[in-house]
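Chain residues, written in single-letter form:
Number of protein chains: 2
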Amino acid sequence: MSIKSKTVTFPGRFAMHRGGHLTSPTLAYETWGTLSAARDNAILIFSGLSPSAHAASSVPDPSAGWWEDMIGAGLPIDTERFFVIAVNSLGSCFGSTGPASVNPDTDEIYRLSFPLLTMEDIASSAHRVVGHLGIERLHAVIGCSMGGMSGLAYCVMYPGAMSAFVSISSCTRSLPFAIAVRSLQRELIRRDPKWMQGNYDRSDPPLEGQRLARKLGMMTYRSAEEWEQRFGRERVTDIQNPGEQFKIDFAVEAYLQTRAEHFSGGFDANCYLYLSRASDLFDFSEHGGSLQAAFKRLKLDRTLVVGVRTDILFPPRQQRELAAGFEKVCKDSTLTELDCLRGHDSFLVEMDAFRPVICDFLEGDCR
Amino acid sequence: MSIKSKTVTFPGRFAMHRGGHLTSPTLAYETWGTLSAARDNAILIFSGLSPSAHAASSVPDPSAGWWEDMIGAGLPIDTERFFVIAVNSLGSCFGSTGPASVNPDTDEIYRLSFPLLTMEDIASSAHRVVGHLGIERLHAVIGCSMGGMSGLAYCVMYPGAMSAFVSISSCTRSLPFAIAVRSLQRELIRRDPKWMQGNYDRSDPPLEGQRLARKLGMMTYRSAEEWEQRFGRERVTDIQNPGEQFKIDFAVEAYLQTRAEHFSGGFDANCYLYLSRASDLFDFSEHGGSLQAAFKRLKLDRTLVVGVRTDILFPPRQQRELAAGFEKVCKDSTLTELDCLRGHDSFLVEMDAFRPVICDFLEGDCR
Chain L
40 MSIKSKTVTF
50 PGRFAMHRGG
60 HLTSPTLAYE
70 TWGTLSAARD
80 NAILIFSGLS
90 PSAHAASSVP
100 DPSAGWWEDM
110 IGAGLPIDTE
120 RFFVIAVNSL
130 GSCFGSTGPA
140 SVNPDTDEIY
150 RLSFPLLTME
160 DIASSAHRVV
170 GHLGIERLHA
180 VIGCSMGGMS
190 GLAYCVMYPG
200 AMSAFVSISS
210 CTRSLPFAIA
220 VRSLQRELIR
230 RDPKWMQGNY
240 DRSDPPLEGQ
250 RLARKLGMMT
260 YRSAEEWEQR
270 FGRERVTDIQ
280 NPGEQFKIDF
290 AVEAYLQTRA
300 EHFSGGFDAN
310 CYLYLSRASD
320 LFDFSEHGGS
330 LQAAFKRLKL
340 DRTLVVGVRT
350 DILFPPRQQR
360 ELAAGFEKVC
370 KDSTLTELDC
380 LRGHDSFLVE
390 MDAFRPVICD
400 FLEGDCR
Chain P
40 MSIKSKTVTF
50 PGRFAMHRGG
60 HLTSPTLAYE
70 TWGTLSAARD
80 NAILIFSGLS
90 PSAHAASSVP
100 DPSAGWWEDM
110 IGAGLPIDTE
120 RFFVIAVNSL
130 GSCFGSTGPA
140 SVNPDTDEIY
150 RLSFPLLTME
160 DIASSAHRVV
170 GHLGIERLHA
180 VIGCSMGGMS
190 GLAYCVMYPG
200 AMSAFVSISS
210 CTRSLPFAIA
220 VRSLQRELIR
230 RDPKWMQGNY
240 DRSDPPLEGQ
250 RLARKLGMMT
260 YRSAEEWEQR
270 FGRERVTDIQ
280 NPGEQFKIDF
290 AVEAYLQTRA
300 EHFSGGFDAN
310 CYLYLSRASD
320 LFDFSEHGGS
330 LQAAFKRLKL
340 DRTLVVGVRT
350 DILFPPRQQR
360 ELAAGFEKVC
370 KDSTLTELDC
380 LRGHDSFLVE
390 MDAFRPVICD
400 FLEGDCR
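Same order as they appear, the protein sequences are chains L and P. So for the first sequence, our numbering puts the first residue at 40; every next one is plus one. So for the second sequence, our numbering puts the first residue at 40; every next one is plus one.
Wrong hints could be hidden among the right ones.
Said to hold, decoys possible - Residues of chain L placed beyond 10 Å of chain P at every Cβ, according to the derived structure:
hint, residue
1, Ile-42
2, Lys-45
3, Ala-76
4, Ser-97
5, Trp-105
6, Gly-113
7, Ser-222
8, Leu-227
9, Ser-242
10, Gly-271
11, Glu-292
12, His-326
13, Arg-336
14, Asp-378
15, Val-388
16, Cys-405
Stated by the list, open to error - From the structure, some residues in chain L lie toward chain P, with a derived Cβ separation under 7 Å:
hint, residue
17, Arg-52
18, Phe-53
19, Trp-266
Derived from the structure by calculation, the hints contain no laboratory data. Cβ atoms here follow ideal geometry from the backbone N, Cα and C, with glycine treated the same way.
Work out the full structure: start from the sequences and follow the hints.
Next comes the structure, spelled out in structure tokens:
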């Protein structure tokens with residue numbers, strides 16, 4: 040992937056939330072639309088674990104972004120009305136400082152010497168970018184998946200610095216099933232002999248472990264019902280191949296193989312490990328000692344929680360927990376549970392369901 | 040595990056369902072209770088993928104069996120009334136011939152030269168054991184999990200050779216989510232360098248791959264809700280351990296580690312691969328060309344389908360599919376959906392929910 044995001048470096052010491060620091064971290068970001076004279080039309084988007092800041096196409100980078108059908112002129116996040124900012128998460132590998140970056144203090148790649156990463160660090164570094172752009176108060180913060188957690192961290196760390204918050208398929212803190220999945224994904228990468236305790240040759244990374252982790256991920260990003268409709272028991276081979284008997288039989292296996300191959304080359308393994316564990320460790324209730332206390336710290340005019348019935352990674356009960364928390368502290372709170380078939384990934388692939396919800400919330404005139 | 044099951048060897052050629060044959064296979068089995076003079080009180084139990092024939096304690100082997108609370112005097116499968124038979128599945132490694140056995144034709148361990156295994160082979164070999172015991176018609180066939188599939192194969196291959204069939208947390212054929220899970224489990228074992236294309240040193244087997252496969256299995260054998268109640272976000276370590284930052288943080292991770300260690304040493308890796316793929320390949324509709332045609336081949340007086348709401352591996356819609364099929368061909372058919380919390384494994388660990396259902400069906404007087 041060729042990164043054409045803008046970057047900004049913040050000189051000096053950047054203290055990390057759970058200890059340690061970075062020296063002069065760089066953040067990659069992209070923007071769309073124009074900041075109003077009153078500087079009151081900015082929307083900050085926090086992505087899931089794997090995307091770059093390239094959420095939508097632009098003049099400098101006309102390639103499609105990860106939320107191409109959501110952000111643009113006349114789309115729900117309307118770039119004719121809003122100044123839209125997407126930041127590559129601190130700890131990632133698409134232009135922002137992370138475990139794959141060179142530590143300027145040592146001139147060596149951080150690898151596992153990168154300090155423990157948290158959602159709060161992703162939030163505070165994004166806050167620096169927002170300040171750099173001259174914005175004091177955002178019209179809205181929107182976070183998807185892991186980005187919902189970093190967005191929630193942002194809202195609680197900078198109360199009043201935004202009018203609205205939109206949480207999409209996210210949660211206040213991860214449940215044991217999601218932790219178990221991510222923990223096994225990390226173990227699959229760490230057990231690849233090529234990982235070498237994080238010191239892998241960057242031209243020969245632990246791709247096999249990454250592929251296995253991605254396959255496991257896909258099982259939780261999509262839904263059993265989707266696969267049932269899409270693949271059923273369709274086979275890609277005749278059964279009579281005992282010599283090859285533990286290779287691929289079914290269409291669903293071929294699909295996972297293809298998807299895993301496609302993803303694994305593009306993401307740094309150590310960055311993945313750091314972001315994955317940060318997702319497990321985030322707990323909104325640490326901001327005040329309880330969920331109730333954390334919600335009370337928020338200063339939001341409006342909130343929207345969107346979730347999907349078939350999401351097993353961030354299930355509907357977590358969406359209802361978020362919405363119930365917001366309702367107690369914000370008079371204009373909405374929960375929308377969508378009946379999408381494609382599980383957690385629906386916000387990326389079922390645009391026809393998500394667009395009207397976001398459009399309504401942002402009071403747009405969606406075409 | 041020390042195997043004290045009885046064994047019987049069937050001399051000669053045993054043709055396999057999808058081609059190939061075994062020479063003089065051995066089947067391990069255990070029995071409880073006494074066969075009536077009319078030989079009409081026998082119950083045959085098909086186990087899930089991993090258990091031995093030791094379903095319950097007995098005089099020769101007083102250790103607890105895998106269904107200890109279900110089989111015994113005064114229990115739902117009442118050994119004072121029934122002659123109960125459990126067979127170690129063909130292809131397994133607890134006394135029955137499988138990939139870990141010596142091929143008498145070559146005096147070498149079969150390993151991957153073992154022919155392609157199917158549920159039909161497990162059924163037909165169990166049928167030989169039933170014949171060996173002098174039984175023409177069983178009172179009931181009971182199958183749990185994978186055993187529900189081999190039991191269904193038994194019922195369709197030997198119509199009229201049983202009065203009743205009980206399917207517990209099973210299906211007519213696996214859905215893509217279950218196939219994906221098992222496929223990744225097999226890949227985790229096959230990618231362990233110690234697997235060596237099946238030619239592993241039996242004193243140094245691919246335990247790491249087996250452990251990883253078991254962890255993935257546990258995520259689908261239990262339920263997210265159970266883990267939420269049981270573990271929540273309980274931690275086993277302080278977070279401030281960046282040097283150990285990809286080890287274990289949460290109680291659920293420690294639980295998976297312990298369970299995986301416990302299981303992996305006891306099961307032969309190649310046997311696991313064969314049984315796992317056999318589970319994916321089974322398709323009841325092949326017995327006649329459609330599910331409807333397959334159900335029509337059955338000759339059953341009574342059927343019971345039991346499933347669990349929280350089972351993601353054999354979900355409730357598969358239980359309803361089974362029950363709907365039985366209803367059309369058997370006038371006395373019952374479907375019981377249990378509200379157990381522990382997912383697929385509930386039939387092993389939520390005995391208080393399962394006992395009354397089985398007891399009622401077998402018209403017992405359960406204590």
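TODO: Please flag the earlier hints that this structure goes against, numbers listed from lowest up.
DONE: When the structure is compared with the hints, numbers 7, 8, 10, 11, 17, 18 turn out to be violated.
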